[in-house]
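Participant: The lines below spell out each chain.
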Amino acid sequence: DAMVIQNPRYQVTQFGKPVTLSCSQTLNHNVMYWYQQKSSQAPKLLFHYYDKDFNNEADTPDNFQSRRPNTSFCFLDIRSPGLGDAAMYLCATSRGLAGAETQYFGPGTRLLVL
Amino acid sequence: EDQVTQSPEALRLQEGESSSLNCSYTVSGLRGLFWYRQDPGKGPEFLFTLYSAGEEKEKERLKATLTKKESFLHITAPKPEDSATYLCSLLQGAQKLVFGQGTRLTINP
Numbered sequence: 413d414a415m416v417i418q419n420p421r422y423q424v425t426q427f428g429k430p431v432t433l434s435c436s437q438t439l440n441h442n443v444m445y446w447y448q449q450k451s452s453q454a455p456k457l458l459f460h461y462y463d464k465d466f467n468n469e470a471d472t473p474d475n476f477q478s479r480r481p482n483t484s485f486c487f488l489d490i491r492s493p494g495l496g497d498a499a500m501y502l503c504a505t506s507r508g509l510a511g512a513e514t515q516y517f518g519p520g521t522r523l524l525v526l
Numbered sequence: 370e371d372q373v374t375q376s377p378e379a380l381r382l383q384e385g386e387s388s389s390l391n392c393s394y395t396v397s398g399l400r401g402l403f404w405y406r407q408d409p410g411k412g413p414e415f416l417f418t419l420y421s422a423g424e425e426k427e428k429e430r431l432k433a434t435l436t437k438k439e440s441f442l443h444i445t446a447p448k449p450e451d452s453a454t455y456l457c458s459l460l461q462g463a464q465k466l467v468f469g470q471g472t473r474l475t476i477n478p
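As given, the protein sequences belong to chains C and X, one line each in that order.
Numbering-wise, the first sequence is residues 413 to 526 according to my numbering.
Numbering-wise, the second sequence is residues 370 to 478 according to my numbering.
Hint data in this document are derived by calculation from the structure and do not stem from the laboratory.
Careful: at least some of the hints might be erroneous.
Unchecked claim - Here are the simulated lysine to any residue pairs, SDA-like style, with alpha carbons at most 25 angstroms apart:
hint: 1; chain 1: X; residue 1: 411; chain 2: C; residue 2: 442
hint: 2; chain 1: X; residue 1: 411; chain 2: C; residue 2: 438
hint: 3; chain 1: X; residue 1: 465; chain 2: C; residue 2: 417
hint: 4; chain 1: C; residue 1: 456; chain 2: X; residue 2: 418
hint: 5; chain 1: X; residue 1: 465; chain 2: C; residue 2: 453
hint: 6; chain 1: C; residue 1: 456; chain 2: X; residue 2: 454
hint: 7; chain 1: X; residue 1: 432; chain 2: X; residue 2: 401
hint: 8; chain 1: C; residue 1: 464; chain 2: X; residue 2: 434
hint: 9; chain 1: X; residue 1: 411; chain 2: C; residue 2: 507
hint: 10; chain 1: C; residue 1: 450; chain 2: X; residue 2: 453
hint: 11; chain 1: X; residue 1: 432; chain 2: X; residue 2: 386
hint: 12; chain 1: C; residue 1: 456; chain 2: X; residue 2: 371
hint: 13; chain 1: X; residue 1: 411; chain 2: X; residue 2: 465
hint: 14; chain 1: X; residue 1: 411; chain 2: C; residue 2: 496
hint: 15; chain 1: C; residue 1: 464; chain 2: X; residue 2: 461
hint: 16; chain 1: X; residue 1: 465; chain 2: X; residue 2: 434
hint: 17; chain 1: C; residue 1: 456; chain 2: X; residue 2: 414
hint: 18; chain 1: C; residue 1: 456; chain 2: X; residue 2: 376
hint: 19; chain 1: C; residue 1: 450; chain 2: X; residue 2: 454
hint: 20; chain 1: X; residue 1: 438; chain 2: X; residue 2: 380
hint: 21; chain 1: C; residue 1: 456; chain 2: C; residue 2: 495
hint: 22; chain 1: C; residue 1: 456; chain 2: X; residue 2: 378
hint: 23; chain 1: X; residue 1: 465; chain 2: C; residue 2: 489
hint: 24; chain 1: C; residue 1: 456; chain 2: X; residue 2: 377
hint: 25; chain 1: X; residue 1: 411; chain 2: C; residue 2: 522
hint: 26; chain 1: X; residue 1: 426; chain 2: X; residue 2: 393
hint: 27; chain 1: X; residue 1: 426; chain 2: C; residue 2: 514
hint: 28; chain 1: X; residue 1: 465; chain 2: X; residue 2: 372
The following block holds chain X by itself, in its conformation from the complex (with noise of 0.2 angstroms):
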């Protein structure tokens, strides 16, 4: 069964230290894992969609990275305006997102 676990469930950094976010997955083929952003009573907010291993994609402050097995967003540098929480998600079949329960980041100022 496809699988997206999300870890840790929540962080926080001061502004400027920068760390990673993990998303592990197991899939039977992948065909695009996804990462959005979502602020609090917000819907979700697309960032990258990665397809194959090796793959690196880079917005701003984020860099998102994929292997066979994991995916991570680096955040370098952080502002407070970085806080939210980041989803990842999988493609499953052909239109289905399964999402993990997501990371809560937050900039302390």
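Only chain C is shown next, with the shape it has when bound in the complex (with noise of 0.2 angstroms):
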């Protein structure tokens, strides 16, 4: 019964070599959130959509992009992954209907450039 699911959990890339990280969810939430983890660090947001309006974080750099076809899915695109984007990143969704609503994580998705 997993509510948020990443694919894959492991990812290992080449240095430039563009990759896609994916999410899916069956809660029927309105929005979606992508998080990057760097190693012993806080959660840090990249953006997330509500429905399907994009909101991206100042800080977000351009390489990192998002779509989202449909209410169940959300991808996360790196186009050319640096060292320094090893991390693991993490699918959120809330409902989104009143603000402040819980934010519930899926087990993410922990990449590796080479």
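From these two lone chains plus the hints, build me the complex, please.
Facilitator: This is how it looks when you write it as structure tokens:
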């Protein structure tokens, strides 16, 4: 009965080779988020979708893009990964109906850049 | 600027030894304070949401409390399976969670 699913759990890519991470949810939540968490650091929000509306954080590098083709799926695209992009990438969802909603996280995808 | 500071960074306890984790915060208008548990290599697992000073919530051996400046996560008679990193976060704006650095808790048998 997994609610927020991320694939793959581990991803190895080469420096500069585009990579896509996937997130799906069975909660029918309006909002989907992508966070980056580097080793021993707090999760940092990259961007989120409220329905089809994309909201980018000001300090998210242009190298990071996202797509949400439907309510259930959201993708994180890294166009040209650098060594500094190695991290755990966390997807989260919330209902988003009235703000202050709980965010539920997936298990994460650990990205390694060689 | 909204800020979340957690202390201590790491805490080692013996099984059964109760203690508290601290989360100090500054925010212009609290809209929600969230506690999560994160095991190594996994995503954060939701524990509690607190909305106003004086509010308390409990779950098994955990109890979260909130004042106007800080939140505490009290752990009573912990077990080794309570070992994890505990994250405190604030809602900033409508949707953004701002996290503290976390407290890494180890419970020795």
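Participant: State for each hint whether it applies.
Facilitator: Evaluation of the provided hints:
| no. | hint | in the structure |
| --- | --- | --- |
| 1 | X/411 / C/442 | holds (23 angstroms) |
| 2 | X/411 / C/438 | holds (19 angstroms) |
| 3 | X/465 / C/417 | holds (21 angstroms) |
| 4 | C/456 / X/418 | holds (19 angstroms) |
| 5 | X/465 / C/453 | holds (17 angstroms) |
| 6 | C/456 / X/454 | holds (16 angstroms) |
| 7 | X/432 / X/401 | holds (16 angstroms) |
| 8 | C/464 / X/434 | violated (36 angstroms) |
| 9 | X/411 / C/507 | holds (22 angstroms) |
| 10 | C/450 / X/453 | holds (17 angstroms) |
| 11 | X/432 / X/386 | holds (15 angstroms) |
| 12 | C/456 / X/371 | holds (14 angstroms) |
| 13 | X/411 / X/465 | holds (20 angstroms) |
| 14 | X/411 / C/496 | holds (20 angstroms) |
| 15 | C/464 / X/461 | holds (21 angstroms) |
| 16 | X/465 / X/434 | holds (22 angstroms) |
| 17 | C/456 / X/414 | holds (16 angstroms) |
| 18 | C/456 / X/376 | holds (19 angstroms) |
| 19 | C/450 / X/454 | holds (14 angstroms) |
| 20 | X/438 / X/380 | holds (22 angstroms) |
| 21 | C/456 / C/495 | holds (18 angstroms) |
| 22 | C/456 / X/378 | holds (18 angstroms) |
| 23 | X/465 / C/489 | holds (20 angstroms) |
| 24 | C/456 / X/377 | holds (21 angstroms) |
| 25 | X/411 / C/522 | holds (9 angstroms) |
| 26 | X/426 / X/393 | holds (18 angstroms) |
| 27 | X/426 / C/514 | holds (15 angstroms) |
| 28 | X/465 / X/372 | holds (13 angstroms) |
In the structure shown, a violation is registered for the earlier hint numbered 8 alone.
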